[in-house]
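Asks: Each chain, written out:
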Amino acid sequence: MLSLRVRPPTSFDFRRFNAGYLERQWRLSRDCFLSFSPKVEENRGVRFGVKSSKSEVSFTAAEEEETLPEELQPELMPKHVAIIMDGNGRWAKNRGLQPWDGHRAGVEALKEIVKLCGKWGIQVLTVFAFSTDNWIRPRIEIDFLFSLFERSLKSEFQNLAENNVRISIIGDSSKLPKSLLRVINEIEEVTKNNTRLQLIVAVGYSGKYDVLQACRGIAQRVKDGEIEVEEIDERLIEEELETNCTEFPYPDLLIRTSGELRVSNFLLWQLAYTELFFAQELWPDFGRSGFIEALTSFQQRQRRFGGRKS
Amino acid sequence: MNNTREEVGEFTQIFNALMSLMRTFIFKVLRVGPIPTNISFIMDGNRRFAKKRNLEGLDAGHRAGFISVKYILQYCKEIGVPYVTLYAFGMDNFKRGPEEVKCVMDLMLEKVELTIDQAVSGNMNGVRIIFAGDLNSLNERFRAATQKLMKLTEENRDLIVVVCVAYSTSVEIVHAVRDSCVRKSKIGDGSVALELSDIEECMYTSVVPVPDLVIRTGGGDRLSNFMTWQTSKSLLHRTEALWPELGLWHLVWAILKFQRMQDYLQKKKKFH
Chain A
1 MLSLRVRPPT SFDFRRFNAG YLERQWRLSR DCFLSFSPKV EENRGVRFGV KSSKSEVSFT
61 AAEEEETLPE ELQPELMPKH VAIIMDGNGR WAKNRGLQPW DGHRAGVEAL KEIVKLCGKW
121 GIQVLTVFAF STDNWIRPRI EIDFLFSLFE RSLKSEFQNL AENNVRISII GDSSKLPKSL
181 LRVINEIEEV TKNNTRLQLI VAVGYSGKYD VLQACRGIAQ RVKDGEIEVE EIDERLIEEE
241 LETNCTEFPY PDLLIRTSGE LRVSNFLLWQ LAYTELFFAQ ELWPDFGRSG FIEALTSFQQ
301 RQRRFGGRKS
Chain B
1 MNNTREEVGE FTQIFNALMS LMRTFIFKVL RVGPIPTNIS FIMDGNRRFA KKRNLEGLDA
61 GHRAGFISVK YILQYCKEIG VPYVTLYAFG MDNFKRGPEE VKCVMDLMLE KVELTIDQAV
121 SGNMNGVRII FAGDLNSLNE RFRAATQKLM KLTEENRDLI VVVCVAYSTS VEIVHAVRDS
181 CVRKSKIGDG SVALELSDIE ECMYTSVVPV PDLVIRTGGG DRLSNFMTWQ TSKSLLHRTE
241 ALWPELGLWH LVWAILKFQR MQDYLQKKKK FH
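Residue numbers (UniProt numbering), protein chains in the order written: chain A, 1 to 310; chain B, 1 to 272.
Hints are computed from structural coordinates only; laboratory data are not their basis. Check each hint, because a few of them may be wrong.
Just the calculated beta-carbon pair ranges, DEER-fashion [to be verified]:
hint, chain 1, residue 1, chain 2, residue 2, range
1, B, V29, A, I140, 35 to 45 Å
2, B, A17, A, P138, 26 to 36 Å
3, A, A161, B, S206, 41 to 51 Å
4, A, R137, B, L109, 48 to 58 Å
5, B, A17, A, G96, 52 to 62 Å
Under 10 Å between C-beta atoms, here's a sample of chain B residues computed to sit facing chain A [to be verified]:
hint, residue
6, P82
7, D92
8, K95
9, V177
10, C181
11, L196
12, D198
13, E200
14, L236
15, Q262
16, Q266
C-beta atoms are modelled at their ideal positions from N, C-alpha and C, and glycine is treated no differently.
Let's have the full structure, built from the sequences with the hints guiding it.
Replies: Written as structure tokens, this is what we have:
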């Protein structure tokens, strides 16, 4: 049963969140409203007291070899991991903070996971940042989310480019603010030849919408006489989906945090044979240990893809 | 559907009656909370069960699985779940050895013909059976039998069972796109703007509502290309029990879990 998977909280989880940290958070969120001054941003990574990728810039080969934990076997690592980053709001509520503090903590957690993926040889990481269902959230939260996204992209730009990470954004970009779109296009263009890790961020994305737009494209091609109705097959649809930006569109492992047991309209077609892992922790608490647990569980599973293991 | 062919002794009758009474009480308690409208089962683990119990024959596990199906359908009917979906055979299962595929197909044909006899003799207890999937890829005899059974049970309303045979979401979506393209071109308007409703209408399972609860047996934690479109908002429940081992308590536990998640679900629905 899933309930048996809950890990009792260890001191490691609480170490990061002591009283001093909370006070810094409170001061920062107050600053957030006053201004988005560059001084506040530069110190943000340091003040959090959490390892931010700014302090560790380059990876060496030796570091890579020794950081794969013993529980994990290198040949069974998934090529494509998808994550639904759920629980920022609840995390903030549990600590008496505002939802945007939860999102900021979420961004820090994401940075850590991206670093781990790069080190451990995972080729593609897809994260569900913003769904079409999230548009009904309060306007102030949505605005904050997009500005946070923009700031994070700008600040991590250099870092990602240096570390050979490619960024792709999928989803309905028509409702996003123009400044964010500009930054996205720029960063996609600059990093498009990087090969170490592909980070796909799903913003304004919905699995059904993805399939629908693929089908619309195909229907248009049929109407234009390019293809016959009988020629429509799975491969054609796969080529039209937004995940055609990557070589491995099908996730091997999907992780959802915060204990919710559903897929919530993320990556529909691609999830056909994906192993699902539901973690009880909230997203900002899901760090290296949670990730190792998910990967260990994945490596122990038998995948048959409908056939039979003889 | 719960009568066996052999004689039922007196003690067994009393035992059955007691069990039935106990179930009535349990289900009455369950019904205080919300009951899922459509429960969908991914019936995994038949062969492992046969191996575990050292049963002979390629289809022994699947036969045991069929008995389990009957019991689960009966429980669902008693609880009052209106729709049940079963993942009987997927398009990707054709990849298995030809002997095993033939065996399973023959078994399914046998059971369908048995059910047809039951339907003809008026013993269906108000259960309607619908077959969903790419039925054209099945052999002629099987297809004819499925059509006949669907026709015979069309009027029943107590419990609607959707049996997914030769089914997989990818095939379903391809088929839905083809159908909607053909439909749109027949209407002949200038723009081919497909809407979500167009695709959903052409799905194999469009006649029933989307599943609220998906129960997967056999310990696997994946969707296996089963209704990934329709289950995007459903609760995914998995259990380590193999399909023939699935019993009353697993079902009750799954429904209780569904009821526990209702608060969160209602909150989400309120915003939509």
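Asks: Look at each hint and say if it fits the structure.
Replies: Against the structure, the hints:
In this structure the supplied range 35 to 45 Å holds for V29/B paired with I140/A, their Cβ-Cβ distance being about 44 Å. Taking the beta carbon of each, A17/B and P138/A are about 57 Å apart, not inside 26 to 36 Å as hinted. A hinted range of 41 to 51 Å holds for the C-beta pair A161/A and S206/B, which are about 47 Å apart. In this structure, R137/A and L109/B meet the distance hint of 48 to 58 Å, their C-beta atoms being roughly 52 Å apart.
Roughly 57 Å separates the CB atoms of A17/B and G96/A, a value that falls within the hinted 52 to 62 Å. A least Cβ separation of about 21 Å between P82/B and chain A goes past the 10 Å threshold, and the interface hint is therefore violated. For D92/B, the suggested interface contact is upheld, since its CB lies about 3 Å from the closest CB of chain A, less than 10 Å. Interface restraint check: K95/B against chain A, minimum CB-CB distance 4 Å, threshold 10 Å, status holds.
Residue-level restraint check for V177/B holds (minimum Cβ-Cβ distance to chain A is 5 Å; threshold 10 Å). Because the beta carbon of C181/B sits about 5 Å from the nearest beta carbon in chain A, less than 10 Å, this interface hint is met. Here the hint on L196/B is kept, as its CB sits about 6 Å from the closest CB of chain A, short of 10 Å. At a threshold of 10 Å, the smallest CB-CB gap from D198/B to chain A is about 9 Å, leaving the interface hint in force.
A distance limit of 10 Å between C-beta atoms decides the matter here; for E200/B the minimum to chain A is near 9 Å, and the interface restraint holds. At a threshold of 10 Å, the smallest CB-CB gap from L236/B to chain A is about 5 Å, leaving the interface hint in force. Taken as an interface hint, Q262/B does not check out: its beta carbon lies about 13 Å from the nearest beta carbon of chain A, beyond 10 Å. A cut of 10 Å between beta carbons decides the hint on Q266/B: the least distance to chain A is about 14 Å, and the hint is violated.
Consistency with the previously given hints fails for numbers 2, 6, 15, 16, ordered from lowest to highest.
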